[in-house]
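> Assemble the complex: chain Z is given as a structure, and chain U must be docked to it using the hints.
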Amino acid sequence: MKTILSGQQLSLTVKRLAHQILENNLLLTDTVIIGLQPRGIFLSDRIVHELQSIVDPALIRYGKLDITFYRDDVRKSLHIANATDIPFSIENRHVVLIDDVLYTGRTIRAALDALLDFGRPSKVSLCVLVDRRFNRELPIQPDYAGKTIDTFISQKVKVCWKEKDEKDEVVLI
Amino acid sequence: MKLSTRHLLGIKDLNRDDIQLILSTAEQFKEVLQRPVKKVPSLRDVTIVNLFYENSTRTRMSFELAERRLSADVLNFTAGSSSSAKGETLLDTVNNILSMKVDMVVMRHSASGAPHFLAKNIPAAIVNAGDGINEHPTQALLDAYSMKEKLGRLEGLKVAIVGDIMHSRVALSNMYLLRKMGAEVTVAGPPTLIPKYIGEALGVRVEYNLKKALQWCDVANVLRIQLERQNQPLFSSLREYNLAYGIKRSLLDSLGKEIVVMHPGPINRGVELDSDVADGPYSIILGQVENGVAVRMAVLYLLANREH
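As given, the protein sequences belong to chains Z and U, one line each in that order. The opening residue of the first sequence carries number -2 in this note's numbering; numbering runs sequentially from there. The opening residue of the second sequence carries number 17 in this note's numbering; numbering runs sequentially from there.
Next up, chain Z with everything else stripped away, as it sits in the complex:
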């Protein structure tokens, strides 16, 4: 087991991601943040919290998307759905999708399909905490990555959050 990000590093990385998103979308005009259920929400909650301390919280549009019904392996194994909550229109807006780990790219593929059922965004960007760059099965790349790592398929990246797993940490198993 190897630590990729310690608690302190993780908190700095989250701050950096929030700033990078803001750098490209000043004041978040026509930009919306959408976290992916279930585990991307921990990261998006932190990023949104960070953004709230920098810009007027009233400007931040934040939603949650569950992609269970859009998965391509629905017949192989049963996945339990989580809540989707997007209380605003994404039509003609810039959507920043947030997830914890980018691995095969299949989750993001499903998320893009799901997103299009809510409207036609002007642009979609992807923000992830960890990018396992050599394990992609689809042509999908992040726009904002907390940490890019090289891993074998046999390895597992575990992202722990204080809210759920008692401490903040990213480890490679």
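There's no promise every hint is true.
[Unchecked claim] Result set (DSS-like, lysine-lysine): computed pairs, CA atoms no more than 27 Å apart in a straight line: (1) U:K164 / U:K273; (2) U:K54 / Z:K120; (3) U:K136 / U:K46; (4) U:K166 / U:K55; (5) U:K174 / Z:K73; (6) Z:K12 / Z:K164; (7) Z:K73 / U:K273; (8) Z:K161 / U:K18; (9) Z:K161 / Z:K12; (10) U:K54 / Z:K73; (11) U:K164 / Z:K73; (12) Z:K(-1) / Z:K144; (13) Z:K73 / U:K46; (14) U:K228 / U:K174; (15) U:K54 / U:K164; (16) Z:K12 / Z:K153; (17) U:K174 / U:K164; (18) Z:K120 / U:K55; (19) Z:K144 / Z:K159; (20) U:K18 / U:K102; (21) U:K117 / Z:K73; (22) U:K18 / Z:K155; (23) U:K18 / Z:K153; (24) U:K46 / U:K164.
Note that these hints are calculated values from the structure, not bench results.
Positioned in the frame of chain Z, the structure of chain U alone reads:
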């Protein structure tokens, strides 16, 4: 997590976790139905046949819509206009349909146990959409979903089931489900329409006085008088039934409390339910129909997976 059963034949075979899983999945599908595109690709590769040997409007349309909203391919079979009128047996009909590569069968039949018979004899997943006087599991699930949505819980809820208990598959499925989820149930109606040992058998209370039952309950689920299943007169006239057991606005107003009125449809207006109640503020009948699609999507979605 998955269902403990391959088919949905009745609530009798489900456990508490199954029911909870179906209800929580239905909640997510209800959100899908509020989206601009009310459709998900989950069952893109699944073909479902709706086999209706008995008339139906709501249930058949609700199932068909649920299937289409899940992107399944849908086949419709109506007994009246098919070869079963020429004498083909149920098993032959279904085997012929299955040889066209159908994955799931949704069936309504006037014979109790028909879907159980199919489940034993064919490889496809079966969903019971009502069999004779036995069960109508998806109706009970959508009723439970609607109660939970309206009142926030099932545990400890007081539900009166009013009317033709004897011939109602909705009543039986509702009683199984509500008892499993910790609700209290009273059945109310004329003695001729309530089976004798139902109280002991299903753990429900029996009440012959409608007003007392309504005063006790939080929810009244009112059933249709099923004249087509009664082969002997069990009460003297519809008018007399309405006077003794029909739900009237004046009766509801006299209770001194607010109760929720439900009905699985189709309503015999002026018999078991007066129009001003069916269309009034106590009624959540159209909400039940809306929830029916989400609940059926959940059932089909959960049964379609082939882990086994």
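> Next, verify each hint and record whether it holds.
Hints, one by one, checked against the model:
1. U:K164 / U:K273: holds (19 Å)
2. U:K54 / Z:K120: holds (22 Å)
3. U:K136 / U:K46: violated (32 Å)
4. U:K166 / U:K55: Given pair K166 (chain U), K55 (chain U) holds - Cα atoms ~25 Å apart, limit 27 Å.
5. U:K174 / Z:K73: violated (40 Å)
6. Z:K12 / Z:K164: Status holds; Cα separation ~17 Å.
7. Z:K73 / U:K273: Roughly 50 Å separates the two Cα atoms, so the pair is violated.
8. Z:K161 / U:K18: holds (23 Å)
9. Z:K161 / Z:K12: It holds: about 20 Å lies between the C-alpha atoms, which stays within 27 Å.
10. U:K54 / Z:K73: holds (24 Å)
11. U:K164 / Z:K73: violated (31 Å)
12. Z:K(-1) / Z:K144: holds (14 Å)
13. Z:K73 / U:K46: holds (24 Å)
14. U:K228 / U:K174: holds (13 Å)
15. U:K54 / U:K164: holds (23 Å)
16. Z:K12 / Z:K153: Since the Cα atoms of K12 (chain Z) and K153 (chain Z) sit roughly 25 Å apart, the hinted pair holds (cutoff 27 Å).
17. U:K174 / U:K164: Satisfied, since the Cα-Cα distance of roughly 12 Å is no more than 27 Å.
18. Z:K120 / U:K55: Roughly 22 Å separates the two Cα atoms, so the pair holds.
19. Z:K144 / Z:K159: holds (19 Å)
20. U:K18 / U:K102: violated (40 Å)
21. U:K117 / Z:K73: holds (18 Å)
22. U:K18 / Z:K155: holds (25 Å)
23. U:K18 / Z:K153: Satisfied, since the Cα-Cα distance of roughly 25 Å is no more than 27 Å.
24. U:K46 / U:K164: Satisfied, since the Cα-Cα distance of roughly 14 Å is no more than 27 Å.
In summary, the structure is inconsistent with hints 3, 5, 7, 11, 20 from the numbered list given earlier, while agreeing with the others.
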